[in-house]
Every structure is written in structure tokens, then in C-alpha cells.
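*Asks:* If you want the building blocks of each chain, they are given just below.
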Amino acid sequence: MVLCAALLAEFCLGATTIPVSVVADALLSFDPDNYDHYVVLYQRLPRVLIALHAGALMACGGLVLQGLTRNPLASPTTMGINAGAMLFVLAGAYFLNLGIDGRGAAALLGGMFGFATCLGVARLAGLVQDQGGLALILSGALTSMLLFGIANAILLTDPTRRTDFLGWVSGNINHVYADQLFRIWWIGLAALALLCVLARPLTLIMLGTDKAASAGVNVRWVRCLALLAVVLAASSSVAVCGPLGFVGLVVPHIVRPFAGADLTRSLPGAALVGATACLLADLIARHAFLPAVVHTGLVLDLVGGVVFALIVRRYYLTAGRRASG
Amino acid sequence: MLVVEDLAASYGKDMVLQQFSAQFRQGQLTALVGANGCGKSTLLKAIMGFLPVTRGMVRIGGREASTLGRRALARRIAYLPQANHCPDYLTLGELVRLGGYARYSLLGGPSEKDRRLFYEALETVGLVDMVHRPVNSLSGGQRQRAWIAMVLAQNAEVVLMDEPVNHLDIKYQYAVLELVRSLTLNHGKTVIAVLHDLNLAAAFADEVVMLRGGRVVAAGSVAETITASTVAHVFDLRADVFRRDGRLVCLPHVAVQ
Numbered sequence: 011m012v013l014c015a016a017l018l019a020e021f022c023l024g025a026t027t028i029p030v031s032v033v034a035d036a037l038l039s040f041d042p043d044n045y046d047h048y049v050v051l052y053q054r055l056p057r058v059l060i061a062l063h064a065g066a067l068m069a070c071g072g073l074v075l076q077g078l079t080r081n082p083l084a085s086p087t088t089m090g091i092n093a094g095a096m097l098f099v100l101a102g103a104y105f106l107n108l109g110i111d112g113r114g115a116a117a118l119l120g121g122m123f124g125f126a127t128c129l130g131v132a133r134l135a136g137l138v139q140d141q142g143g144l145a146l147i148l149s150g151a152l153t154s155m156l157l158f159g160i161a162n163a164i165l166l167t168d169p170t171r172r173t174d175f176l177g178w179v180s181g182n183i184n185h186v187y188a189d190q191l192f193r194i195w196w197i198g199l200a201a202l203a204l205l206c207v208l209a210r211p212l213t214l215i216m217l218g219t220d221k222a223a224s225a226g227v228n229v230r231w232v233r234c235l236a237l238l239a240v241v242l243a244a245s246s247s248v249a250v251c252g253p254l255g256f257v258g259l260v261v262p263h264i265v266r267p268f269a270g271a272d273l274t275r276s277l278p279g280a281a282l283v284g285a286t287a288c289l290l291a292d293l294i295a296r297h298a299f300l301p302a303v304v305h306t307g308l309v310l311d312l313v314g315g316v317v318f319a320l321i322v323r324r325y326y327l328t329a330g331r332r333a334s335g
Numbered sequence: 064m065l066v067v068e069d070l071a072a073s074y075g076k077d078m079v080l081q082q083f084s085a086q087f088r089q090g091q092l093t094a095l096v097g098a099n100g101c102g103k104s105t106l107l108k109a110i111m112g113f114l115p116v117t118r119g120m121v122r123i124g125g126r127e128a129s130t131l132g133r134r135a136l137a138r139r140i141a142y143l144p145q146a147n148h149c150p151d152y153l154t155l156g157e158l159v160r161l162g163g164y165a166r167y168s169l170l171g172g173p174s175e176k177d178r179r180l181f182y183e184a185l186e187t188v189g190l191v192d193m194v195h196r197p198v199n200s201l202s203g204g205q206r207q208r209a210w211i212a213m214v215l216a217q218n219a220e221v222v223l224m225d226e227p228v229n230h231l232d233i234k235y236q237y238a239v240l241e242l243v244r245s246l247t248l249n250h251g252k253t254v255i256a257v258l259h260d261l262n263l264a265a266a267f268a269d270e271v272v273m274l275r276g277g278r279v280v281a282a283g284s285v286a287e288t289i290t291a292s293t294v295a296h297v298f299d300l301r302a303d304v305f306r307r308d309g310r311l312v313c314l315p316h317v318a319v320q
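Protein chains in written order, with the working numbering: chain H, 11 to 335; chain E, 64 to 320.
The reader is advised that the hints may include incorrect statements.
Quick list of simulated restraints, FRET-style, between CB atoms [claimed, not checked]:
#	chain 1	residue 1	chain 2	residue 2	range
1	H	R193	E	P115	54 to 62 angstroms
2	H	L320	E	R244	42 to 50 angstroms
3	H	A163	E	H259	58 to 66 angstroms
Only some residues are given here: those of chain H computed to face chain E with a beta carbon under 7 angstroms [unchecked claim]:
#	residue
4	N228
5	V232
6	G270
7	D272
Hint data in this document are derived by calculation from the structure and do not stem from the laboratory. Think of the CB as a built atom: it goes at the ideal place given N, C-alpha and C, for glycine as much as any other residue.
Please put together the full structure from these sequences, using the hints given.
*Replies:* Below is the structure:
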């Protein structure tokens with residue numbers, strides 16, 4: 011109950027910072043014509059919606075992946091989904107001249123490709139059986155680097171179109187992506203709904219596959235559906251605003267101590283905190299370095315990198331102490 | 064009643080269970096004993112359908128287990144694996160609530176009756192006060208009782224336990240097995256438990272099944288099964304088996320004096 015109230019407060023805080031920022035932005039706006047209302051409606055609102063969409067989806071995706079792999083470092087970023095989605099969108103735009111309509115489909119295919127590659131590399135390495143799921147993370151990192159490399163190569167082939175994608179590639183919440191959000195939001199929402207329906211069996215799977223199966227969970231089905239939902243969620247987020255790193259990795263660790271491990275509660279919690287995190291990151295990106303405006307993705311990467319190090323420290327470097335204590 | 068007929072199961076190419084037949088009667092605690100790798104855990108997994116069963120069948124309440132779906136099977140048979148790990152921050156109450164999963168609808172939660180059952184389960188294991196505590200903050204003995212509470216919340220007539228007292232100190236070994244015993248006596252559960260300690264098996268079990276190399280060596284009451292000759296055969300161990308205050312004791316010989 012206290013946790014629910016805290017989450018609600020968290021949400022209200024996010025919600026109240028939105029109007030405050032909207033007003034502040036409207037006043038500080040670069041728009042020379044001072045069309046405040048125009049700015050709020052066509053720039054601020056899309057940005058808020060994109061942040062909510064991306065933050066909620068990435069955070070929930072990370073939460074579920076961390077539960078399924080039982081690895082605290084799992085997330086759409088570290089398991090190749092984001093890189094795959096990004097590569098396919100770029101490749102589609104450069105080689106097939108895909109317009110904005112094709113971008114969503116390309117991202118979904120790419121997300122699946124990236125995740126499948128990650129699993130494939132892990133299996134090739136023959137380390138899938140290991141308990142910590144570290145092999146998956148390592149192969150995910152490998153896959154991501156490879157796909158990012160290819161994506162950068164593609165980006166460099168055509169200098170004239172490079173600027174179109176340069177911001178997007180590093181993950182940016184920008185009102186011009188609203189068209190894409192308008193086309194694809196329902197996929198993200200559907201994926202989120204699917205995850206919420208699966209929350210209870212997924213929590214059981216976190217206790218171990220045999221335990222879950224003995225309690226009545228069809229483990230294979232639940233796992234496949236959940237992974238599909240995660241890939242759809244992360245890819246649709248990438249399609250809109252590029253790969254926002256680290257939300258999916260970090261937010262679950264913030265949520266769990268408060269919302270607990272039961273996904274029926276931590277999933278909504280992650281959605282709220284993830285959305286809030288993206289909004290805050292966007293605010294920081296736009297205002298902390300004035301007059302320069304940095305990309306949201308860069309801020310998230312900066313913050314996320316530090317937290318990533320802390321997680322590694324807590325779970326891997328102190329594992330011996332935890333085990334003996 | 065759980066009936067296993069001519070069951071054979073394998074991990075990959077290795078046959079680890081062959082021609083296993085047994086009947087497990089309601090309200091009885093059956094101990095599975097045998098050396099490491101003799102097929103005890105495999106038997107439990109084969110009953111749960113986690114391993115490909117190459118021959119034979121498992122019948123529960125007159126129905127063939129392999130024809131039941133996961134949920135239907137979960138309402139009849141509960142299973143407590145050997146090593147259980149709980150995610151951080153999951154509370155005892157949440158763990159017990161997950162035990163009732165097989166009775167929930169897709170979006171619905173526990174009913175009033177389920178909640179009563181959860182409370183009774185916690186009462187039975189003596190952890191009502193701990194309901195909001197994270198499972199990982201409990202002591203070893205409490206944790207094992209927490210898992211048993213989850214199994215009770217599943218409300219299945221048959222309970223399979225894989226080494227339920229492994230890693231517990233001797234006091235908790237007896238406490239947990241007394242609890243398991245009370246499940247059979249007071250709740251009418253049929254419990255099949257893998258036990259390593261023959262003295263524990265002798266103290267608590269109604270029936271003992273001894274396995275060696277995936278085959279049954281002896282099955283029956285404690286006095287019939289645990290003898291110096293079966294212990295020698297199953298464990299390659301010379302031991303004295305005698306009675307003390309009405310209880311069977313198995314005392315292995317020690318080579319070095």
C-alpha cells in the first residue's frame with residue numbers, strides 16, 4: 011500500500027514537473043515568434059509522449075529480461091535488441107529507401123534479428139547453460155558492437171543524409187519524431203499489455219523453470235511470448251526516438267527495492283519510473299548545458315554508465331562476499 | 064493415490080531410470096533413498112513431466128499425468144526442487160500467493176477461499192508473522208518452511224520433495240521433517256521425499272523405496288527395506304542396523320580408528 015502510494019507520488023511528481031517545464035520552456039523557447047501555445051502543443055507535448063513511450067517500454071523490457079535471464083545486467087541495450095533495430099532502420103532507409111511507414115516494421119525485424127544474433131552467439135559459445143546468464147550479456151555486447159559498427163559504416167556512406175539520422179542514432183527525444191510515434195504507439199502499448207498479463211507467470215519463472223512449471227506455468231509459451239513482447243516494445247521505442255541506452259538497464263534496479271520483485275507490481279512501477287527518468291533526462295539534456303542542447307540519449311548514457319559500474323560492483327565484484335555472508 | 068507403472072526416463076542417451084513401478088498411498092510419507100546419481104531426483108522430474116519419459120506411465124487419481132495440462136497437473140501434484148532461489152525483494156506473502164497460480168484465471172487473483180488457504184499454509188509452517196518479510200532475509204530453516212508454505216498454497220494432494228532438508232542444520236532437519244510428517248498425518252497429503260540420511264528416513268517415513276542404478280532394490284516399510292544387506296548393496300557401505308528406543312538406526316562402519 012505504501013509502495014503504491016509512493017509510486018503514485020512518483021507519477022504525480024513527473025506529471026507536475028511536466029506543466030512546470032512546459033511553462034518554463036514556453037518562456038525560454040528558442041522560437042522567435044513566441045507562439046507559446048503552438049510550442050506547447052506541437053513541440054512539448056510530442057516530446058513528453060515520446061519520453062513516456064520510450065521510457066516505459068525500455069524499463070519494462072529491461073525488468074522482464076533481467077527476470078528471465080536472472081542477470082542484473084540484462085536489458086534491451088545489452089542484449090542486442092536496440093542495436094539490431096537501429097541497424098535495420100538505417101539499412102532500410104539507405105538501401106531500400108524506406109519511408110517513415112516502413113521504419114516501424116524495419117525496427118521490429120531488426121530487434122528480433124539483434125536478439126536472435128545475441129542468442130545465437132551465446133549458443134555458439136556453448137555457454138547458454140551457465141546460471142548467471144553472463145554469456146548472454148557478453149554475446150549481447152559483442153552483437154551490439156558489431157551491429158553498431160555496421161550501422162556507423164552505413165551512416166558514413168552517404169554524407170548528405172547523415173545529418174537526418176545523426177541525432178536519432180544516439181537516441182534523441184525530439185518533437186519531429188512525433189509522426190513515427192503516431193504510427194507505432196499501439197505496438198508498444200500492446201506489448202506492454204501482454205507483459206502485464208504475463209506478469210504473474212513471469213514472476214514464477216523467476217523462481218526457476220522447474221518450480222514455475224510445477225506450479226502450473228507453461229514455461230516455454232510464457233517465455234516466448236514475453237521475449238516477443240520485449241522485442242516489440244524495445245524496437246518500437248527505437249523506431250521512434252533511436253536507441254535510448256541504459257533506461258532498460260538501470261530503472262529496474264531503482265524500482266525493485268520499492269515495488270518488490272513481484273512483476274504485477276514492479277512492471278507498472280518500472281513503466282512509471284522509466285517514463286519519469288526519460289522526462290528528467292530530456293529536461294537535463296535541454297537545460298543543463300544551455301545554450302547547448304545535448305541529446306537525451308547522451309545524458310542517459312552518461313548517467314547510465316555510472317550506474318552500470320555500480321551494478322557490476324554490487325553483483326559481480328562483491329559476489330564472493332555475498333555468498334559467504 | 065499416485066501410481067507409477069514401469070517408468071523409464073533418460074537424460075539424453077543415459078538411461079537413469081528403468082522399470083520403476085510403485086504405488087504411493089494417500090497420507091503416507093515415502094522416502095526415496097539411494098546413492099548419488101541413482102535416479103531419485105530423476106524419478107520426481109519424470110513424474111512432473113520435465114524429462115522425456117520413454118516408457119511407462121504415471122497415474123494420478125485415475126488420470127494419466129501426461130494427458131493433463133500444466134495447470135491441471137499443478138492442482139494435483141506439487142513439487143519442491145532441490146535448490147530453490149528466490150529473487151531479491153520477493154516477500155513471503157507474495158511467494159505463497161504465487162503458489163496458488165494454477166487456480167487463478169488469466170487476469171484474476173486469489174479468491175477469498177485462496178486467501179484463507181494461504182493463511183492456513185503460513186500457520187502450518189509457523190511463519191504468519193513473517194508474511195511481509197523478503198524471503199531472502201529469512202534464516203535457512205525459515206526459508207525452507209517458506210517454500211513448503213508455497214507448496215501448501217498450491218493445495219495439491221501429492222507433494223514431491225527433492226532433498227527438503229539438504230543444507231539445514233540438524234535441528235532444522237528434524238523440524239522440517241516433523242512438519243512434512245504432519246502434512247501427511249493432519250492434511251492427508253501424499254508426500255514423496257528424496258532423503259539422503261537413512262536415519263531421517265527411518266524416523267519419519269511410512270515407506271522407503273531404495274534405488275540403485277535407476278532400478279528399485281527394495282520397497283516397503285522401514286524395517287523391511289533398511290537392512291545391513293540393502294545398505295551394503297545400495298551404498299557399497301558396511302553398516303550396523305539396529306533398533307534403539309523403537310527407532311531404526313543405521314550406523315556405518317568407520318575404517319580408520
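*Asks:* For each hint, tell me whether it holds in the structure or not.
*Replies:* Verification of the supplied hints:
1. In this structure the supplied range 54 to 62 angstroms is violated for R193/H paired with P115/E, their Cβ-Cβ distance being about 46 angstroms.
2. With their beta carbons about 47 angstroms apart, L320/H and R244/E fall inside the hinted range of 42 to 50 angstroms.
3. Checking the proposed 58 to 66 angstroms range against A163/H and H259/E shows it holds: the Cβ atoms sit about 59 angstroms from each other.
4. Among the interface hints, the one on N228/H holds; its C-beta lies about 5 angstroms from the nearest C-beta in chain E, closer than the 7 angstroms criterion.
5. Nearest Cβ of chain E to the Cβ of V232/H: about 10 angstroms, over the 7 angstroms cut. The hint is violated.
6. Taking 7 angstroms as the C-beta contact cut-off toward chain E, the hint placing G270/H at the interface holds, the least distance being around 5 angstroms.
7. Taken as an interface hint, D272/H checks out: its beta carbon lies about 5 angstroms from the nearest beta carbon of chain E, inside 7 angstroms.
Violated hints for the displayed structure, listed by number in ascending order: 1, 5.
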